[in-house]
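The primary structure of each chain is shown beneath.
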Amino acid sequence: MAIEVLKPGLATTVQDAGREGYYHLGIPLSGALDQYSFRAANLLVGNDENAAVLECTLLGPELAFQQEAIVAVAGADLQPKLNGAPMPAHESFPVKKGDVLSFAFLKAGARAYLAVAGGIDVPVVLGSRSTYGLGAFGGFTGRGLKPGDLLPVGKPGPGARGGRSLAAALRPVLRREVELRVMPGLYYHRITEQSARDFFEDVWSVAPEADRIGYRYRHGRPLRWKERKQPFGAGSDPSNIVDAGYPFGSIQVPGGLEPIVLHRDAVSGGGYAMIGTVISADMDVIAQMQPNNKARFVSVDMEQALQARADYRARTDALRAALSS
Amino acid sequence: MSLGPARYSFGGDEHIFVELSEEMSLEAFFKGMAITNAVKRLAIPGVTEICPANASYQIRFKPEVVKPADLMRMLQALEAVMGDSELELETRIIEVPVLYGDPWTTETLMRFRERHQDPKSTDIQYAARVNHYASVDEFVKAHSGSPWFVSMVGFVAGLPFLFQMVERERQIEVPKYLRPRTDTPKLTIGHGGCFSCVYSVRGAGGYQMFGITPAPIFDPAQRVPYLKDFMVFFRPGDIVKFKPIDRAQYDRDVAAAEAGTFDLRIRPVRFSLRRFLVNPTAYNHGLEEVLHGN
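Residue numbers (our numbering), protein chains in the order written: chain A, 694 to 1018; chain B, 3 to 296.
One thing to keep in mind: the hints can contain errors.
Unchecked claim - Keeping only pairs whose Cα atoms sit at most 30 Å apart, straight-line, the calculated BS3-like set for lysine-lysine is:
(1) A:Lys700 / A:Lys848
(2) A:Lys789 / A:Lys800
(3) A:Lys789 / A:Lys848
(4) A:Lys839 / A:Lys800
(5) A:Lys839 / B:Lys188
(6) A:Lys922 / B:Lys122
Honestly, the hints are just simulated from the structure, not real lab data. Since this is a predicted model, take the numbers as computed values, not measurements.
So here's chain A without its partners, still in its complex pose:
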């Protein structure tokens, strides 16, 4: 018994909380890009909050259930439909054997999380069920979903039931214009003071090249680099460094032109100078940005970043408390 994929959607993958401990070998964190919404979807169906779900990007899949199940959708405003009839998001509901779950067109945000009670039961690889597409492992046979795939579902927990709803105040906030808080650092000293000011003043738009690896931004002023003789081994472009590790959330600017924020399927290192890092609390916000959505980068220090992190954790705790019964 399983869920059959009729239409895969644009980029639907199996994801969970992600895998840790292998970044030094080039294996990224992977996992749901919007961790808050992912947890919300799981808690709505009575799952362990780290169970594997489907991450649906921009265009949802069409799925035929070969068994009854409890499901919930959280995250982007991508309304679920059951046999063509609209169903509520951020609320669990039952599906019967033979039902077809599909999605309306996206209204806001970029990624919706479909949780099924019992979780998507693909094999655990290196501690996680998350798909790592570049490495072709994890998730459903190491790739995004295709028509005809049969997704195994685990055994629902005792808390699986329909009608569990998430209060409006705890639903994700989806905006077309956002502020992304950044801690300047890493190779920030390599850009001119004028460029540093420009970077934080300009309004940046999400480019079409925005995916699980990284989000590219454009329409800001090009960044200029301080003059120097390039160090041995770094490469000739002033935006080049001796290849180094890239932190999750770090911002690189190849050629000084279009900043790229690395996300959970990040390339783990390379030769482009990073000028700072988006704070952990704002990575979920990036996950919900569509192409052409606008962002301004806001400079913060460690103290502010840790406060934002504490606020984020408090909100996740509130989510757990609200959905624990």
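Start from chain A and add chain B according to the hints.
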């Protein structure tokens, strides 16, 4: 041998990034290995990733468990106490067969000529010329004639960055493509700046392409014997010696790799940076003997 003090920076609220040197050197790499190995041994609660790189390293941590400023002070203290004793490394030397100037990378590079500095040459012809070698054959001799250090693993799963173990004036240096390619064959031997690499998966890339190896180095299915323990083969600190092979040998090796029977020549070796730096050529001869002795 003095590198000067390292530069410390926070990468957001979850990372500390440490640049040991702006420029690449074996000394910087060894210092990074020594410090990251010490961090591993200390098993500091809250540290989730320890990533050595060429001339830098980064640590990922949970700030709820270890305060960022405390962790940074700990790393600075480690740097201060690192002595010369750490300049020795128990490692392994591996022979990697390469079909230089192979048809697949040649076909690929022809598709991306407009992104190249010298559209009229192949990548290896260009690299031979800018490094002042009389011919491609001479260049291949240089590329395969001395060992290389795996100084970083990453970019994508299991991709080794390789640093040539010769005096700096002899090191091969080639600019990266003007604009990165959107395609690189799996197991391409690439080179950019002073680093060679082996592309572990097919995909985008900006390094010049010199050839291809039949040896799988990353395989989630773990089919060949040396990948049975883990899907990624290379570790920072591995030593690699390239061996030119012909097409017939390449085809035999690929068939063996597909059958799961292909194996690599791998020998354990103790590497001393100090002794290497005294006379790299002589030291490399010794490494060669380890590789081919019994």
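Consistency of the hints with the structure:
1. For the given pair, Lys700 (chain A) sits about 25 Å from Lys848 (chain A) by alpha-carbon distance, which is consistent with the 30 Å threshold.
2. Restraint check for Lys789 (chain A) and Lys800 (chain A): satisfied, since their Cα atoms lie roughly 27 Å apart, inside the 30 Å limit.
3. Proposed proximity of Lys789 (chain A) and Lys848 (chain A) is supported: the alpha carbons are some 16 Å apart, at most 30 Å.
4. Distance check on the hinted pair: Lys839 (chain A) and Lys800 (chain A) sit about 24 Å apart at the alpha-carbon level, within 30 Å; holds.
5. This hinted pair checks out: Lys839 (chain A) and Lys188 (chain B) have alpha carbons roughly 24 Å apart, not beyond 30 Å.
6. For the suggested pair Lys922 (chain A) and Lys122 (chain B), the alpha carbons sit about 29 Å apart, so the restraint of at most 30 Å is met.
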